[in-house]
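Below are the chains, spelled out letter by letter.
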Amino acid sequence: MKKNQTIPEKIWQFFCSVRLAVYTLVIIAATSIIGTVILQNGTQQQYINLYGEAVSNLIKVFNFDDMYHAWWFLFLIVILCINLIVCSIERLSITWKIIFPKQVKFNPERFRKLKNLEIFTVNKETEAIFGNYESFLSKTVGKVLKKQTESGTVMYAEKGRWTRIGVYVIHSSIILLIIGALIGAIFGFKASLQLDEGAISDVAFLHNKSVPVNIGFSIKCNDFDVKFYDTGAPEEYRSTLAIIENGKESFIEDIRVNHPLRYKGINIFQSSYGTARPDSVIFDIITQPDKGVISKTIKIGQEIQLPEDQGLFKLEGFLPHFDFRGNNLGEAFVGRITQKDGKSFQIALPVKYPTFDKMRKGVFAFVVKDFEKKYYTGLQITKDPGVWYVYSGFILMIIGCWITFFMSHQSYFIEIKKDKDNNSNISISGTTNRNSQGLKLKIKKMIIKLKDI
Amino acid sequence: MDSSLALSLTTFIYALASVFYIGSFTFKKQILAKTGFIVLVTGFVLNTVGIILRWIESYQMGYGHAPFANMYESLVFFSWTVAILYIFVELKYKESIIGAFASPLVFLAIAYASLSPDINSKITPLIPALKSNWLIAHVITCFLGYAGFALAFGFSIIYFVKPKNPDNTSIFSKLPSEDLIDELTYQMVVFGFLFLTIGIITGAVWANSAWGKYWSWDPKETWSLITWFVYAIFMHLRMMKGWHGRNLAWVSIIGFIAVMFTYFGVNYLLSGLHSYG
Ligand code: HEM
Numbered sequence: 001m002k003k004n005q006t007i008p009e010k011i012w013q014f015f016c017s018v019r020l021a022v023y024t025l026v027i028i029a030a031t032s033i034i035g036t037v038i039l040q041n042g043t044q045q046q047y048i049n050l051y052g053e054a055v056s057n058l059i060k061v062f063n064f065d066d067m068y069h070a071w072w073f074l075f076l077i078v079i080l081c082i083n084l085i086v087c088s089i090e091r092l093s094i095t096w097k098i099i100f101p102k103q104v105k106f107n108p109e110r111f112r113k114l115k116n117l118e119i120f121t122v123n124k125e126t127e128a129i130f131g132n133y134e135s136f137l138s139k140t141v142g143k144v145l146k147k148q149t150e151s152g153t154v155m156y157a158e159k160g161r162w163t164r165i166g167v168y169v170i171h172s173s174i175i176l177l178i179i180g181a182l183i184g185a186i187f188g189f190k191a192s193l194q195l196d197e198g199a200i201s202d203v204a205f206l207h208n209k210s211v212p213v214n215i216g217f218s219i220k221c222n223d224f225d226v227k228f229y230d231t232g233a234p235e236e237y238r239s240t241l242a243i244i245e246n247g248k249e250s251f252i253e254d255i256r257v258n259h260p261l262r263y264k265g266i267n268i269f270q271s272s273y274g275t276a277r278p279d280s281v282i283f284d285i286i287t288q289p290d291k292g293v294i295s296k297t298i299k300i301g302q303e304i305q306l307p308e309d310q311g312l313f314k315l316e317g318f319l320p321h322f323d324f325r326g327n328n329l330g331e332a333f334v335g336r337i338t339q340k341d342g343k344s345f346q347i348a349l350p351v352k353y354p355t356f357d358k359m360r361k362g363v364f365a366f367v368v369k370d371f372e373k374k375y376y377t378g379l380q381i382t383k384d385p386g387v388w389y390v391y392s393g394f395i396l397m398i399i400g401c402w403i404t405f406f407m408s409h410q411s412y413f414i415e416i417k418k419d420k421d422n423n424s425n426i427s428i429s430g431t432t433n434r435n436s437q438g439l440k441l442k443i444k445k446m447i448i449k450l451k452d453i
Numbered sequence: 001m002d003s004s005l006a007l008s009l010t011t012f013i014y015a016l017a018s019v020f021y022i023g024s025f026t027f028k029k030q031i032l033a034k035t036g037f038i039v040l041v042t043g044f045v046l047n048t049v050g051i052i053l054r055w056i057e058s059y060q061m062g063y064g065h066a067p068f069a070n071m072y073e074s075l076v077f078f079s080w081t082v083a084i085l086y087i088f089v090e091l092k093y094k095e096s097i098i099g100a101f102a103s104p105l106v107f108l109a110i111a112y113a114s115l116s117p118d119i120n121s122k123i124t125p126l127i128p129a130l131k132s133n134w135l136i137a138h139v140i141t142c143f144l145g146y147a148g149f150a151l152a153f154g155f156s157i158i159y160f161v162k163p164k165n166p167d168n169t170s171i172f173s174k175l176p177s178e179d180l181i182d183e184l185t186y187q188m189v190v191f192g193f194l195f196l197t198i199g200i201i202t203g204a205v206w207a208n209s210a211w212g213k214y215w216s217w218d219p220k221e222t223w224s225l226i227t228w229f230v231y232a233i234f235m236h237l238r239m240m241k242g243w244h245g246r247n248l249a250w251v252s253i254i255g256f257i258a259v260m261f262t263y264f265g266v267n268y269l270l271s272g273l274h275s276y277g
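Here the protein sequences line up with chains G and V, keeping their order.
Heads up, the first sequence is in this note's numbering, so the first residue is 1 and it goes up one at a time.
Heads up, the second sequence is in this note's numbering, so the first residue is 1 and it goes up one at a time.
Since the hints were made in silico from the structure, they are not lab data.
Do not take every clue at face value.
[As the list claims (entries may be wrong)] Pairs of lysine-lysine, DSBU-like flavour, derived with a Cα cap of 35 angstroms:
| # | chain 1 | residue 1 | chain 2 | residue 2 |
| --- | --- | --- | --- | --- |
| 1 | V | K34 | G | K451 |
| 2 | V | K213 | G | K220 |
| 3 | G | K442 | V | K241 |
| 4 | G | K373 | G | K139 |
| 5 | G | K449 | V | K92 |
| 6 | V | K29 | G | K451 |
| 7 | G | K449 | V | K241 |
| 8 | G | K115 | V | K131 |
| 9 | G | K440 | V | K162 |
| 10 | V | K94 | G | K417 |
| 11 | V | K92 | G | K444 |
| 12 | V | K34 | G | K444 |
| 13 | G | K113 | V | K241 |
| 14 | V | K29 | G | K449 |
| 15 | G | K383 | G | K147 |
| 16 | G | K97 | V | K241 |
| 17 | G | K449 | G | K105 |
| 18 | V | K213 | G | K442 |
| 19 | V | K213 | G | K373 |
| 20 | G | K440 | V | K241 |
| 21 | G | K190 | G | K383 |
| 22 | V | K92 | G | K105 |
The structure presented is a predicted model; accordingly, all values stated were derived computationally and were not measured.
Make the full structure from the sequences, and use the hints.
In C-alpha cells, the structure reads:
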C-alpha cells in the first residue's frame with residue numbers, strides 16, 4: 001500500500017478490500033439471526049409479555065422488533081454496496097485488459113514447467129501428426145498459435161477469456177436486486193382487504209396501520225367458495241371478483257391461492273376467508289311456559305315488537321367468535337330485549353347451540369332457525385414497481401454464477417519433438433484460472449484422443 | 001412392490017454401501033470400495049423407483065402431487081440428490097475412498113426419515129399454498145444445493161482425519177492429496193451455491209405469485225439467506241492469504257450447520273410459512 005495517501009484515497013482503499021467484504025458479510029449473516037429468534041412487528045404488549053419490560057425496551061432501542069428495516073441493518077447493506085461498487089471499478093480495468101489483450105502471446109518455457117505437464121511418445125513422424133494435432137486443437141479449443149523452437153514445434157490455443165467477466169455479472173446483479181428492493185419499498189405497497197360476498201371497495205388497508213390506500217379501481221366480490229378434502233383439510237379457496245372502473249364493470253375473474261389477478265400494476269391474491277355478517281336471520285320465538293312458537297325474519301339492526309305486547313327486541317349484530325365464560329362458542333347473534341317495564345338486557349344466540357337461549361329461562365326464548373350463510377374473502381393487494389429489476393437481478397445472478405463456476409479461461413500447450421528413432425515425443429500442459437483439477441482430467445482425456453490420431 | 005417397501009429396501013442397501021466404503025477405508029481394500037459403489041448405485045436405482053412409485057400412489061389416492069410435500073418425502077429426496085451427486089463425482093474424479101465420507105450422509109438422511117417417530121410417512125394432500133409448479137422447481141433446486149453442501153461437508157472432514165504426512169502403510173495414505181480435497185470441496189460448494197441461489201430465486205418468484213411478495217423475511221427464508229452468505233464468505237475467504245485447507249474446511253462445516261438449521265432447526269424451533277423441509 002502506498003504511503004502518504006490523501007484522505008479520499010484512503011477511503012477508496014478502505015472500500016477496495018475483499019477483507020471488508022468478508023467482515024460485512026459475516027456481520028450481516030450473524031445479525032440476521034436476531035430477526036428469526038425475536039418476534040418481528042409485534043405490539044408493545046406482546047414484547048412485554050414475551051421478554052419483560054427491560055428487555056423489550058432494549059429491543060425497541062435497537063429496532064430488533066423490525067430489524068430488517070432497522071437503520072443499522074440498512075447501513076450494513078449500504079456498506080456492502082459501496083464496497084462492491086468500488087471494488088468492481090478498481091478491478092474492472094485490469095480484467096478488461098486481460099479479456100481484450102492487444103496481442104495474445106505465450107511463453108513456452110512457462111508451460112514446460114507446469115505441474116500438469118504430461119509427456120508421451122507416438123510412433124509416427126512429427127510432420128505426419130502436426131497437422132492433425134493443430135486441427136484437433138483448433139476444433140476443441142480455439143485459434144492455434146505456432147512457433148518453431150530449437151528443440152521442435154510448439155502450439156498454443158486458448159478459450160474462454162470472456163468468462164472472467166462472470167464475477168462482475170454476479171456482483172452487478174446484487175446491486176440490481178438492491179435497487180429493485182428499494183424501488184419496491186418506496187413506490188410499492190402491501191395491503192389487505194376483507195370483502196363480504198356482494199361487497200365492493202376501492203381502498204385496501206396497509207398492514208398493522210389500517211391506513212387506507214387507493215387501489216385505482218373498485219373490486220367487487222361476487223362469490224366466494226371453499227372446498228375441502230375428505231380429511232377436512234382445505235383443498236381450494238376461490239373468489240369471483242369483478243373489476244369496476246368509472247362505475248362500469250370491466251371484467252370478472254376467479255382467483256385462487258397461487259392464481260392471482262394482476263391488473264394495472266396491482267396484484268390481487270387470495271389469502272384467507274371467514275364468515276361474513278349475514279343480512280337477516282329467521283328466529284323461532286318460543287313463549288316459554290305454554291310453548292307457543294312464532295317464526296320471524298329479522299334484519300340486523302331491525303327492532304321488532306315481542307308477541308303479546310311484551311316489549312321490544314332489537315337484533316344488534318353478529319359475532320364471528322362469541323366468548324362465553326372463556327369458551328369460544330363460535331358464530332353468534334346478539335340482540336337486546338327491552339321489556340314492558342323498561343328493563344333492558346342483552347342476549348347472545350350462538351348458531352351452533354340453537355336452544356342456548358332457553359337456559360336464560362326468560363318469558364321468550366330465541367332459537368336461531370336459519371340464516372343465509374355468507375363468506376368474506378381475505379385479499380392481499382400489492383403493488384411493486386421494483387419487481388422487474390429484482391427479476392432481472394435474479395436472471396443475471398444465475399447467468400453470472402454459471403459463467404463463473406462452470407466456465408473458465410483455459411490455455412493449452414503442445415510441444416512436438418522428434419526423438420532419435422524418428423518417433424514423436426509430445427508434451428502437453430495447460431493453465432486455467434479455476435478448477436485446475438478439472439483441467440488435469442481434461443488433459444488426460446485429450447491425451448487418449450491424441451494418441452489415436 | 002409399493003413405495004414404502006422400495007424405500008425401506010433403499011435404506012438397507014445404502015447402509016450396506018456405507019459399510020463397504022468404510023470397510024475399504026479401514027482395511028485398505030480397493031475392491032471393497034468398488035463393491036460399495038455398485039451397492040450404492042443399486043440403492044440409488046431403488047430410491048428412484050421408490051420416489052416414482054410414491055408419486056403414482058399419490059395420484060391413485062386422488063391427491064396427485066409430486067412427492068416433495070412433507071418432511072419424510074423431502075428427506076428421501078435429499079438422500080437421492082446426495083447419492084446422484086456423489087455417483088457423478090466418483091465417476092468423474094475416479095476417487096472411491098472418499099465414498100467413506102459421502103455414503104454415510106446418504107444413508108443417514110433416509111434412515112432418519114424411516115426410523116424417526118416424529119416423521120410421518122403417510123401420503124397427505126397438499127394445502128392450497130403448495131399447489132404450484134414452482135413447488136417442484138423450488139424443492140429440486142434447493143435440495144441439489146443442500147446435496148452439494150453435504151458433500152462439501154463430507155470432504156472437509158477428510159482434512160481432520162488425514163495426518164500431515166501419512167506413511168504408506170497407514171489407512172490414510174489412500175486418501176486423496178490436499179490439493180484434490182481442496183478442489184473437491186470447492187467444486188461441491190460452488191455447485192451447492194449455484195443451486196441454492198436458484199432455489200432461493202424460485203422460492204422468491206413463487207412467493208411473489210402466491211402471496212404478492214418475493215421476500216418477507218420469514219425464518220426459513222432468512223436462514224437460507226444466512227446459509228447463502230456463509231458460502232459467499234467461503235468463496236471470498238479463499239481469495240485471501242492463509243485461507244485454505246483446514247481453516248477453510250471449518251467454514252464449510254459451519255456452512256453445513258447453517259444448512260441443517262435451515263432444514264430442520266427452523267421447522268422445529270422457529271415458526272413460519274414453511275411447513276416442511
Ligand atoms: C452478497 C454479496 C456477494 C456475493 C454473493 C458475491 C459472490 C461472489 C462470487 C460467487 C464470486 C466468485 C468466487 C469464486 O470465483 O470462487 C465472487 C468473487 C469476488 N468477489 Fe464477491 N460477492 C459478494 C460481495 C462482494 C463484495 C462486497 C466485494 C467487495 C470487495 C466482493 C469482491 C469480490 C472479488 C474481488 C471477487 C474475485 C473476483 C475475481 O476472481 O477476479 N464481493 N463474489
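Status of the hints after comparison with the structure:
Between V:K34 and G:K451 the CA atoms are separated by roughly 28 angstroms; this keeps the pair inside 35 angstroms, and the hint holds. As the CA atoms of V:K213 and G:K220 are separated by approximately 23 angstroms, the hinted pair is consistent with the 35 angstroms bound. For the hint linking G:K442 to V:K241, the alpha-carbon distance of about 28 angstroms falls within 35 angstroms, and the restraint holds. Pair hint G:K373 plus G:K139 does not hold up; C-alpha atoms about 74 angstroms apart against a cutoff of 35 angstroms.
Taken as a hint, the G:K449 and V:K92 pair is honoured in the structure, with Cα atoms around 17 angstroms apart against an allowance of 35 angstroms. A distance of roughly 32 angstroms separates the Cα atoms of V:K29 and G:K451; the hinted pair therefore holds under the 35 angstroms criterion. Between the alpha carbons of G:K449 and V:K241 the distance comes to roughly 39 angstroms, so the proposed pair goes past 35 angstroms and is violated. The suggested pairing of G:K115 with V:K131 is violated, with an alpha-carbon distance near 54 angstroms, which exceeds 35 angstroms.
Note on G:K440 and V:K162: the hinted pairing holds, with a Cα-Cα distance of about 23 angstroms set against a maximum of 35 angstroms. Restraint check: the Cα-Cα separation between V:K94 and G:K417 comes to about 31 angstroms, which is no more than 35 angstroms; the hinted pair holds. Note on V:K92 and G:K444: the hinted pairing holds, with a Cα-Cα distance of about 12 angstroms set against a maximum of 35 angstroms. A distance of roughly 22 angstroms separates the Cα atoms of V:K34 and G:K444; the hinted pair therefore holds under the 35 angstroms criterion.
Annotation: proposed proximity of G:K113 to V:K241 holds, straight-line Cα distance about 24 angstroms (limit 35 angstroms). Between V:K29 and G:K449 the CA atoms are separated by roughly 32 angstroms; this keeps the pair inside 35 angstroms, and the hint holds. Taken as a hint, the G:K383 and G:K147 pair is broken in the structure, with Cα atoms around 63 angstroms apart against an allowance of 35 angstroms. As the CA atoms of G:K97 and V:K241 are separated by approximately 25 angstroms, the hinted pair is consistent with the 35 angstroms bound.
A C-alpha spacing of about 26 angstroms is found between G:K449 and G:K105, which places the hinted pair at or below 35 angstroms, so the restraint holds. Restraint check for V:K213 and G:K442: the C-alpha separation of about 45 angstroms exceeds 35 angstroms, so the hint is violated. A threshold of 35 angstroms between alpha carbons decides the hint, and for V:K213 with G:K373 the separation of about 32 angstroms falls inside it, so the pair holds. A hinted pair counts as satisfied when its Cα atoms are at most 35 angstroms apart, and G:K440 with V:K241 qualifies at roughly 24 angstroms.
Under the criterion of a C-alpha separation no larger than 35 angstroms, the hint pairing G:K190 with G:K383 is consistent with the structure, at around 7 angstroms. For the given pair, V:K92 sits about 32 angstroms from G:K105 by alpha-carbon distance, which is consistent with the 35 angstroms threshold.
The structure does not agree with the numbered hints 4, 7, 8, 15, 18 stated previously, though it agrees with the rest.
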